[in-house]
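Read top to bottom, the protein sequences are chains A and B. Take 5 as the starting number for the first sequence in my numbering and just add one per residue. Take 5 as the starting number for the second sequence in my numbering and just add one per residue.
Hints in this document: simulated from the structure, not taken from any laboratory. Just to be clear, a hint being listed does not mean it is correct.
It does not matter which identical chain is used: a pair holds within one copy or between any two.
What the hints assert, rightly or not - Heads up, simulated DMTMM-like pairs for lysine to aspartate or glutamate below, C-alpha to C-alpha not over 25 Å straight-line:
no.	residue 1	residue 2
1	Lys-84	Asp-28
2	Lys-26	Asp-100
3	Lys-84	Glu-146
4	Lys-26	Asp-112
5	Lys-108	Glu-165
6	Lys-84	Glu-65
7	Lys-84	Asp-64
8	Lys-26	Glu-178
9	Lys-84	Glu-178
10	Lys-26	Asp-113
11	Lys-84	Glu-165
12	Lys-26	Glu-65
13	Lys-26	Asp-132
14	Lys-26	Glu-146
15	Lys-26	Asp-131
16	Lys-108	Asp-131
Remember, predicted model here, so these are calculated numbers, not experimental data.
Number of protein chains: 2
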Amino acid sequence: MHSTPVATWNVVDNADEVVLTKTDFRNAMSRLGTAVNIITTNGPAGRAGFTASAVCSVTDEPPSLLVCLNRSASVYEAFKGNAVLCVNVLGAGHQDISNLFGGKTSMDDRFAVGNWSQGQAGSPVLDDAIVSFDCRLSQITEVGTHDILICKVVSVSTRLEGQSLIYFNRQYHELQVEN
Amino acid sequence: MHSTPVATWNVVDNADEVVLTKTDFRNAMSRLGTAVNIITTNGPAGRAGFTASAVCSVTDEPPSLLVCLNRSASVYEAFKGNAVLCVNVLGAGHQDISNLFGGKTSMDDRFAVGNWSQGQAGSPVLDDAIVSFDCRLSQITEVGTHDILICKVVSVSTRLEGQSLIYFNRQYHELQVEN
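Pulled out of the complex, with its shape left as it was, chain A reads as follows (with noise of 0.2 Å):
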């Protein structure tokens, strides 16, 4: 499951050389605006979901996207055991929902708000996502404490008028966007 460490790019894992705490790394981190997703799975394993910001494009050959997980989160297993997802991206208004999804509520809680559908692979749709990216897992990559979800995108659905939510500086922000 691990990916080989690259020693002929001249990797250099020197682990003192690391000087920065959690807390530099977080504010740092906290100054790259990101979109605001629920992530969503359901199948054999159940039906989960949670908020996260940690999502990226990889590449269009074939279309794929990536999610990073906690492997001590609590929808860890669900993930694993569907190895289907959903990335939900929210718009303007969402911030409840993003909210409920990142707290401690129970699923079926969170899922009792907002109107959803279910993709072609099994999870979730939200249905005003302003996109929403239908996926099967197929490949994943482990890091310290995550593992990188790499995900082969199903089907896409896409609301072309919403506006989209923006978390930086830990605080939402909805762009003003003409569309």
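Could you slot chain B onto chain A? The hints should help.
Coordinates of chain B only, in the frame set by chain A:
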């Protein structure tokens, strides 16, 4: 250099299922707002830099981020040879330098714009980036046409007062944030 496809996650690698075209994927991805970053390197393989949105926090144990890079990109060999990079997160007013590093201009002409210093690991640091992450490459995962460069963050420098530059709907947007 490859991570292993994970059979235990019930991964279904059925290429026939993907009916999504590149155009559909790219149009959908244009709806995922991102920060705008200039990724730089310097060392034995030469100085290089390019504009990228595919940057993502991974974990704070150890402090790590990732950058996705097309293996056919002109800058690829420089990043491969140096095995260090800096993620310079752009702010309001950085649209011109973003376009410069996203175009076909020579490396010397790119770095003639902006004020640069040298990070601890050796890469160019843009002095007025809203945050810069000075990194060493620690792990690589190939996905389709791209490499995911997983990097350990050695040091950061942060400007606390800067406004964020966001790319969404194929346009730049400046977040108006009270600091």
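Evaluation of the provided hints:
1. Lys-84 x Asp-28: neither (31 Å within a copy, 27 Å between copies)
2. Lys-26 x Asp-100: neither (28 Å within a copy, 33 Å between copies)
3. Lys-84 x Glu-146: Answer is both: 13 Å inside a copy and 21 Å across each meet the 25 Å cutoff.
4. Lys-26 x Asp-112: neither (33 Å within a copy, 35 Å between copies)
5. Lys-108 x Glu-165: neither (31 Å within a copy, 33 Å between copies)
6. Lys-84 x Glu-65: both (24 Å within a copy, 21 Å between copies)
7. Lys-84 x Asp-64: Answer is both: 24 Å inside a copy and 22 Å across each meet the 25 Å cutoff.
8. Lys-26 x Glu-178: Result: close neither inside a copy nor across copies, 28 Å intra and 28 Å inter.
9. Lys-84 x Glu-178: neither (33 Å within a copy, 38 Å between copies)
10. Lys-26 x Asp-113: Answer is neither: 32 Å inside a copy and 36 Å across each miss the 25 Å cutoff.
11. Lys-84 x Glu-165: Close neither inside one copy (34 Å) nor across copies (40 Å); limit 25 Å.
12. Lys-26 x Glu-65: Only across copies: Lys-26 and Glu-65 sit 8 Å apart there, 35 Å inside one copy, limit 25 Å.
13. Lys-26 x Asp-132: For Lys-26 and Asp-132, the Cα distance is within 25 Å only across copies (23 Å; inside one copy 35 Å).
14. Lys-26 x Glu-146: within (19 Å within a copy, 28 Å between copies)
15. Lys-26 x Asp-131: between (36 Å within a copy, 23 Å between copies)
16. Lys-108 x Asp-131: Within one copy, since 23 Å is at most 25 Å while 40 Å is not.
Violated hints, in rising order: 1, 2, 4, 5, 8, 9, 10, 11; the structure is consistent with all others.
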